[in-house]
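Chain order of the listed sequences is A and B. The numbering used here applies: residue 742 is where the first sequence begins, and numbers increase by one. The numbering used here applies: residue 742 is where the second sequence begins, and numbers increase by one.
Everything labelled a hint here was simulated from the structure, so no lab data went into it. Quantities reported herein were computed from a predicted structural model and do not represent experimental measurements.
Intra- or inter-copy, both count: the list cannot distinguish identical chains.
Pairs of lysine to any residue, SDA-like flavour, derived with a Cα cap of 25 Å:
#1 946 with 766
#2 1037 with 796
#3 769 with 946
#4 769 with 853
#5 946 with 758
#6 769 with 937
#7 1044 with 974
#8 769 with 785
#9 769 with 857
#10 769 with 822
#11 1037 with 837
#12 871 with 954
#13 946 with 788
#14 769 with 846
#15 1037 with 795
As a plain string of letters, each chain reads:
Number of protein chains: 2
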Amino acid sequence: MAVYTEVADDELESFVAGYDIGDVLSIKGIAEGVENSNYLLHTRAGYFILTLYERRVNEADLPFFLGLLEHLSGHGVTCPQPVNNRKGRALGRLAGKPAVIVTFLDGVSARRPDARHCGMVGEALGKLHKAGAAFPLARENTLSINGWPALFRSAEARADDVLPGLAVTIAEEISRLQNAWPKGLPAGIIHADLFPDNVFFLAGKLSGLIDFYFACNDFLAYDLAICLNAWCFEPDASFNITKGMALINGYARERPLVDMEIAALPTLARGAALRFLLTRLVDWLNRQEGALVKPKDPIEYLKKLRFHQQAESARDYGLLR
Amino acid sequence: MAVYTEVADDELESFVAGYDIGDVLSIKGIAEGVENSNYLLHTRAGYFILTLYERRVNEADLPFFLGLLEHLSGHGVTCPQPVNNRKGRALGRLAGKPAVIVTFLDGVSARRPDARHCGMVGEALGKLHKAGAAFPLARENTLSINGWPALFRSAEARADDVLPGLAVTIAEEISRLQNAWPKGLPAGIIHADLFPDNVFFLAGKLSGLIDFYFACNDFLAYDLAICLNAWCFEPDASFNITKGMALINGYARERPLVDMEIAALPTLARGAALRFLLTRLVDWLNRQEGALVKPKDPIEYLKKLRFHQQAESARDYGLLR
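Bound conformation, chain A alone:
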């Protein structure tokens, strides 16, 4: 949940007057996104999301994110679409911060995803990867294998406070993945954070994808590995192979996996689990008592990592070949 900036009504009105969307009827801060302030904006033209970019987002990345949303919208992916102002620009400034207005997307996140949801997410991910192919901008994935050592160093000294032995486990895993990490897999634009919160469903169908602020260029199958972690484990951290099969098959219907990707899947899944273990660990160690935003439990991802460590092939994730 996040609303870090209060926007004055007169400032808001003059900002919105720069767009062709009619007068402001209502604005409500919404509890979505932890990196930005988000508001639901009602104008004569309808409902929109107004986002103010707070300091955790690098301004230099905004043309990539906004361009990507526009590109994907134009290529059949239902995602928030930036609204251009009268000067033809998506990026403006409000309350001293970079600000954009995007279209409002209906839909509800699945709190307890089942195999049908997983199948639809796999399919949407495959479509997203195909739609991203022609996108001309690029952004490095700072949270992939090259970024893990630095993340780990910032948490290493206190990692064992969370669980004894955690520091050694992570150090060994990083070193193993550095040796085993695949090379030359098909790469392109990935969402990199396609968790259930970021996928909307409506009347039993997937209705849209949101929150592209981790999107970047990386191996496409790594995005699938992130989804295996995010969608296919049960609350007790056991892997549900029916969900895994649905996710992978859904994906492959849109974009068949090549042999190299299939072979690399267990390694990519380990890497994805480690990535969320690391960022959650850092957030956990830097949490503030009483803060409304509860950091997510890093140990959930240690348990997922343990599963991946014993997986031998893509068959362990439900792939039937």
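We have chain A already, so just place chain B on it with the hints.
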């Protein structure tokens, strides 16, 4: 800002199916209200606010609050109107909490209210008091003069940590007000928290009032005194008599003040300042480091109290007689 409870999509869908408002299209937690969890709910029938009552609200008070909103809506006050479910009841249960759906109100709060806003608020307050006259339920004002000693006791020991001498100032003020508090003024339903956040404007007109969760029975002029505190001071804590005049005149156009109320106005304004000084002081002393909900500065209300202490008559607030 507040969303304390996560609502599962399937639970939400079956809850909403109990109403005649169509399928759920979207739900977003909104940063409004500190006592409850609030969500903007989009269904086939339109936009609504879904409120889950958290533990700070006394369940026994809910029939009063919901009945009042319904009563006021039916008597010309634009405020959120509870939506009855198919069983004809406004109060339901969701995620283990009492829950209601109310109509969505357009409008934007004035962050920097001017005298015109004050005039419109005064008028709306007068209308509210007239509309509340026939409401059959009652609720004691636990935050008025009888409640202050207990509030003070909970903060007394650490009050001087906030400002040296504060404990004595408050003790003296309570004792003075206990002697001077008026008796027998016109009484009825008051809003009791009509701050700028709780008043919406649209196209230069007042468009609605929200957040009736402090509403209760008390002297009507005490509500006006609360508004003098909430609307007519400048950021530097100086009283703006033009705004005061606009507020009082706006009110009197709807409901002329009687002589006793005019005579009591400085005392009521002192009481109102003390009430917010006390509750803010308690919240301040119990604040949690790093919490997203920043407690409001109690000293702002000490400064307002100082102004009221030197006021001699209603003329000091802009009343011209």
